[in-house]
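Enquirer: Just so it is clear: in the sequence shown, position 134 is 134 by my numbering, and no numbers are missing.
Keep in mind the hints are simulated off the structure, nothing from the lab.
Possibly wrong hints are sitting among the right ones.
What the hints assert, rightly or not - Each pair of labels, with its calculated beta carbon distance range: (1) Glu132 / Met106: 31 to 37 Å; (2) Leu67 / Lys101: 17 to 23 Å; (3) Glu89 / Ile164: 44 to 50 Å; (4) Glu89 / Tyr62: 19 to 25 Å; (5) Glu8 / Leu67: 18 to 24 Å; (6) Lys117 / Asp14: 43 to 49 Å.
Here a beta-carbon is modelled for each residue, glycine too, at the ideal position from N, C-alpha and C.
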Amino acid sequence: MEHINEIESYNGGDQGYLNEIFTWWHRIPKHMNFLKHFWVGDEEEVKQKKIRLFGSEPPILYVLHYLGVKPWLCFRDYDCNWNVDIFQEFASDIAHEKWWKVHDAMPEQLHQFCLLKSKQKAQLEWDRRQAEQANYTDGHWKIKIQDHRLNKCIDNLCSWKKIITSDAELLADFSLY
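Kindly produce the complete structure, drawing on both the sequences and the hints.
Expert: Next up, the structure:
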């Protein structure tokens, strides 16, 4: 760590940094840490393969590394990456659904760590409204949110709808992601 400012990560992330430091180690296979990402240059065949991998039962992937807005920071109803233009490359309803299956299988006492703060709910609704206004063709913004966490308050604000009306400029300029 003493040399963190001297050594440049080949991909800008922690794994790239570690690979530069520990050049002798063997990289793990892709299925051990697969990225949830659809590259701009991905052919349709590659996209379909990724979708199959994300949803496979039994699982083929050991770890699915969620990029963009993480599923636990979205509503359960769909992958909220669809609502933000620059995050759409990370959007996958199949991978999102997979995460929620894992969530539901966790011990009940761990579910509290996946509750949404009021500002996060407001940000999600703001993004949904922006997607509606832009008329995104995927149409996810049309899906009615039924996530039970929407009505659960875990902070002092509780009225996330007031945040949208009072802090609309803040939400437009600041992202909680």
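Enquirer: Work down the list of hints and note, for each, if the structure agrees.
Expert: So, going through the hints one by one against the coordinates:
Hint check: Glu132 to Met106, Cβ distance near 32 Å, so the stated range 31 to 37 Å holds. For the pair Leu67 and Lys101, the supplied restraint of 17 to 23 Å holds, since their beta-carbon distance comes to about 19 Å. Remark: the range hint 44 to 50 Å for Glu89 to Ile164 is contradicted by a beta-carbon distance near 26 Å. Checked against the given bound of 19 to 25 Å, the beta carbons of Glu89 and Tyr62, roughly 23 Å apart, stay inside it.
A hinted range of 18 to 24 Å for the beta carbons of Glu8 and Leu67 is consistent with their spacing of about 21 Å. The supplied range of 43 to 49 Å is broken by Lys117 and Asp14, whose beta-carbon atoms lie about 25 Å from each other.
In summary, the structure is inconsistent with hints 3 and 6 from the numbered list given earlier, while agreeing with the others.
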